[in-house]
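With the hints in hand, could you dock these two chains into one complex?
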Amino acid sequence: MATDSSSKKPLSFRASLIDSPVDIAALAAFRFLFGLMMSLAMVRFIAKGWVGEFYIQPSFYFTYPGFRWLHPWPGGWMHFHFVLLALLACGIALGCFYRICAVLFFVGFTYVELLDQTTYLNHYYLICLLSGLLAILPANRAWSVDAWRNPALRTDTAPAWTLNLLRFQAGVVYFFAGLAKFNADWLFKAEPLRIWLAARSDLPFVGPLLDKAWVAYGASWFGAAFDTSIVFLLLCPRTRKPAYLLAILFHVATWILFNIGMFPWVMLVAATVFFSPDWPRNLLLRINVFFGARSICPSFSQRISAMARRQSSHSASGFRANAAVFLLLVFYAAIQLALPIRSYLVSGTPAWTCTGFNCAWRVMIAEKSGYAEFYAFDPASDRRWKIPTEIYLTPRQEMMMDQDPDLIRQMARRMGDDLKQRGRRAVQINVESFATLNGRPSQRLINPGIDLAGPTTPGWILQLAY
Amino acid sequence: MLVASARAQSVPRKVVLEDIAAKVISPAYTDLDSKCRALTNAIGQLVHAPNQASLDHARQAWADAAAAANRARYFQAGPIVDREYVATFYYWKVRGSKIDSTIHEARAIDQAFLNEQGADVKGLFTLEYLLFGQAHQSPGEPKPVKTPLELLCGNDAKPRRDFLLLVGHDLESKAAQLAADWSVSGEQGTRGKFANGGQQSINLLVNQLAAAIESASENRLHFTLDLPKPLPGQLYRIEGSGSGSSLRDLIATLEGLQEVYLGAGGSGLADAVKPVNPTLDKRMREQFAATISATKVIGAPLEDAVINNRAAIQAACDKMKALEIMFKVDLTSALGVTLTFNSTDGD
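Residue numbers (this note's numbering), protein chains in the order written: chain A, 1 to 466; chain B, 1001 to 1347.
Because the hints were derived from the structure by calculation, they are not lab data.
Certain hints may be false.
[As the list claims (entries may be wrong)] In silico contact screen, one side only, chain B against chain A (beta carbon under 7 Å); selected entries:
id : residue
1  : Val-1011
2  : Arg-1013
3  : Ser-1097
4  : Gly-1198
5  : Asn-1277
6  : Thr-1332
7  : Thr-1338
[To be verified] The calculated SDA-like cross-link candidates involving lysine to any residue, where the alpha carbons are at most 20 Å apart (straight line), are:
id : chain 1 : residue 1 : chain 2 : residue 2
8  : B       : Lys-1093  : B       : Pro-1278
9  : B       : Lys-1274  : A       : Leu-209
10 : B       : Lys-1321  : A       : Pro-448
11 : B       : Lys-1014  : A       : Pro-204
12 : B       : Lys-1014  : A       : Leu-257
13 : B       : Lys-1014  : A       : Val-346
14 : A       : Lys-212   : B       : His-1222
15 : B       : Lys-1321  : A       : Pro-455
16 : A       : Lys-212   : B       : Lys-1274
Please read these numbers as outputs of a predicted model, since none were measured by experiment.
Note that beta-carbon positions come from the ideal geometry of N, C-alpha and C, so glycine has one too.
With the rest of the complex left out, here is chain B (with noise of 0.2 Å):
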């Protein structure tokens, strides 16, 4: 215990960033992308004979795609946002009649069709549109007459599976694009580049935690808790809703956010906090697997929790906020990131 205690003390913040960049966001990626392969093979089979079992098959793949997504979402810099593919896997608020009509008026689905459209018509929040259809609609908005089974069934759909097939490759090549950017290792690739960053990483990494800690607790939780009376008029707002996987993916996004901190088979932002604060450190492990904890106690998607078990989603609310602070100001603190991000002068 002391031996592993005094190692644990001795991890320099190099050998931290080179940790997290080599063990935690580089497999992050991978996983997204061969989790995104599954899903384009999924989509493929789809196309060619859909059915209910395809479809289901297609749907699962999604979900296991959009847990990927969300596990790596706590790092929206580097090569996912120089490459401008933010929108591809995080952008949810697409719209449906838009992707309909999209679909219908095009005179050519390929790849030049698809680089033209905005981001609410393309990426995984489409994909999930066309699997899984709109399971909640807004106030005055219709039902759909045809189930997504229906719709990508006969010869008048080969578009809509043409454009399905077209969005999952692209989905698809960008992630795994990511992968290979993350999986390059030397000086010059991102991995060496983010781990020899020093101090500047520590402060972006932190940073893009605080961002994704804070993003989950408003826009998912207190989002869902503050939404307007009636509330069956207004789930369709919540992200993840159209698939029923609105807490899967929060509970995916917090365990990421938990793998940064205590490092994956190697070492984590936590041997960086333990030799300056171990005090710390043990909060932080404690307020990660409370939160967590707390998250899983909701026990249903948060669109049909916030109907029949609110207070479990202020529990969990609370739990995130109270580590949200810890992010912004302990760790902030702790790591110096309030003493070396501020670009202007200090005394």
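Here chain A stands alone, though its shape is the one from the complex (with noise of 0.2 Å):
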């Protein structure tokens, strides 16, 4: 438990985790690889060619309830939208004008990400969360552009909440993402990964090993355990150097195995949240004795020494948590918990129905394939034709609708309305679709008999029956 340097006497429970002085280090320093990763992956996001794929060609895009007024940005405007959130993510590591740059990124990258669902990862709601959250925090108070131009802004320490709402942010990711993978499926099928990592044996040196199903199931059975504990490990002093150690070999092994991207960047970089308050000057201090004893950079550990010192001198009351603070800490606290607890109370499989599947971090936890046929029928000429799905969807998009009954709806209503506005208001939108789930048989996703594009009927999405 932390205790007050003033008095000793050990903290109450919101002193310790809320109010309490901890070095604001660790914030800087999370600061700093948060921006910088995420202006090389807005670098990444434009180089890769997504931005022209995602936000231009798209003539249709499966809006989220609610946001159906947002709309990508005419013509090229998109990729200036993604060198300004490039730029925004500078700013961001650098500190310098952070809270416009963490503000406007915050904005950016979440209106990005509700354009088009077809788009949605955990990693990018992860990205929205923390940058939400750095929006409010002031890591800009140390070792940022901002503290340099203004002196006043500078602080040594940050009140407990602002570290401990990052450390349980990542907290929720890695714990939900463990409980996710206690299902039959991953525990006793070692499904999906038999499949995923059977696709990678053309890799050299362990490619061989990895169509072998005992590899699949140990894989599983770490990746599950590794999930739920390591937030556990990370915590504890003792255990954690070689937690991280670990957790560096795990992401970088899933980087390799899978195409997931910025995803283990993200949590390693989320993972330091969980080291001593002080960890990067400690490691910064290491640096210069490796290097002092060549005398490359003499004075630097004096300063860093100095500023260890004034530590504790240099208060952060202008972030102290008040009761309104402590309020919305609980609010946000209380939603990042039900949204992934809410996907263990709905009927049905959730990687499924996709009924609670996003938002609750159910990460890698399913191999699902789709394929939808869309059929108008008109019951005055009792005439039924197959309506092309190209003329509305990129590839990319009619993989990711396949496997959704929200987005195939969404489809359907489309193309009615479209009918309708071609004068035929009595033709139904029925849709032929399968998919497969963790290498079950192909079976219906959706009752063929609905009419899609009618009012919402119980029963449209059909269970998984096997």
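Structural data, given as structure tokens:
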């Protein structure tokens, strides 16, 4: 338990987790690493051509409820948007006009993520959350351009809630990602890892092992154990170093084996918040000792030591949590817990129905492939015809839609609207939809007899039969 | 049995790809090459002595070449695409009137002349027109006055005969080139690159197979069933209707697909599926057999069956659709194609 430096008496729960001052260095380091990583991620996004593929080429977007009014910027302005996001991320990293940069990055990135449901990824959602949190945290009050330009801003400490909020967020991701793996497919069929690892059996050295069943089982059980326990291992000082080493091995392995882009790096940066709050100072001191022995930077250790000595003399009174902030934190935490828990309360299998699947940290637990054909049926003429999806969707959008009943329904409604606009008001839209989950035989995903362009009917999503 | 099963489960995917390249794809192009050579020889005999016997011989050679082309139809990637030969073997919407006018207007019928022509006046299906004529006409189109044999006889038919032989030689040289491309062994050859492509080659192959089965289902069976009435005026729109080979070619396509899955004297895709999902492998085998069987039950060219036996076409169509779904959903998932084919990130 943390102690107050003046009284040495044990602190209350609130004091230790919320109000007590902690070294701001970890927060500043997180800001720097997150900003740096995001600027690289935005450049990577542009370089891969995804801006055009995701936000310019499609003629139809799968919007989120309540956000239908959102549209991509016209023409090449989406490219400009991503360039701006990269610059804003640089601003976050450097702590230069930090607050503006963090708020704009959060708004700008969340806007992008809300444009099309087919681009949803858990780590994009995490980036939205982390950038939103950074926008309210005093991460620019040390080791930043802002603090350099405005000495009054400088502080060596921050209230504990600032770091604990990030710890909570990263902890929720790991823990619920682990909890989601405690299911029969993962533990007793080693799916989907059995399929995914076999698909990587062409890798040099380890490849020949990857199509072995025992490797898939071992990886499944290790993955579940890792995700559920890593937070506790990182929090415990005695196990922290080996745990982080394990985390590096785990995330690098997932990066090599699967197309999960920035996710491993986001998590490795996020995991640094579990370190001791002064870890960046200690690291810099060690680096300095290393180089100091060679007289490269003799004055550096003095500066670092002085900063460390000042640590307890500065307070972060401006960010002490008052009742309103405390309530907001509790509210945020409640939402972050409720969202993943909801997937255990819905009927059916979330990976099959996609109900309660997103925003629930159900990471890498489903190998799902789908197929959907849309048919218009005109009862007046008893005529049925196929509606091509190519005129609406890019191949990537179609692949994502084929797995998700809600997206299929959204597509059907758009088709129905288009037919109505052409005077065919009574036409129904049916879908022949099949999907497979974690190696099961393909089965119908949606009741083919239901008019998907009409009002929502109970039972329109068929439950996973076996 | 157990030994065989254990051996099947231990086949690495690289070996599967090597076997498919060396024992399925390469022999398919070698077969196409030999059938096209036989076709050119038969055309040479026909051009030299145009009579019913030489015409029948050339027609049979054409049907064999068409079947060979259809057996290799599942893989429209690699050299056939790089060399822009796809249309030569598979573009079937040639126009008889345009071929006739091209022959009549030609200043000199030689390779340079042929190279200038578009896909609708050369290739395998131009030969079909020249050898079989037009069995079915579009609405309003007059029936041809002369038979294909009459058109090839007499001194004034020399340009037609020359053109026929030229197109035959062109086809033969292209088939020989493809066979040569696929027969080269070694790391840098087509086979080597394909086998060493690892999961990327699996992705390519599965997507090619899925596209082929979709094309067979949509463009042949569904298309035939959905033809507007009156049917006689629409039958010319069925692929292979000119030669009466529509059903035979469709079966050849399916058998070619099945060979990639099962393998031919070596491992096939089934050997990659079996270790991860033996149930799916069994279902795939059964569905292939059921689809080919249902297609054979049609029993007559599609242009005849669509009038006399629609139920059989519908039954084959249903089986083929089920096979298409298994390819696009179950197989792509089981082989990790959905994971690795997507160029974007996932999590």
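Return the numbers of the hints above that this structure violates; sort them in rising order.
Of the numbered hints, 1, 3, 8, 13, 14, 15 do not hold.
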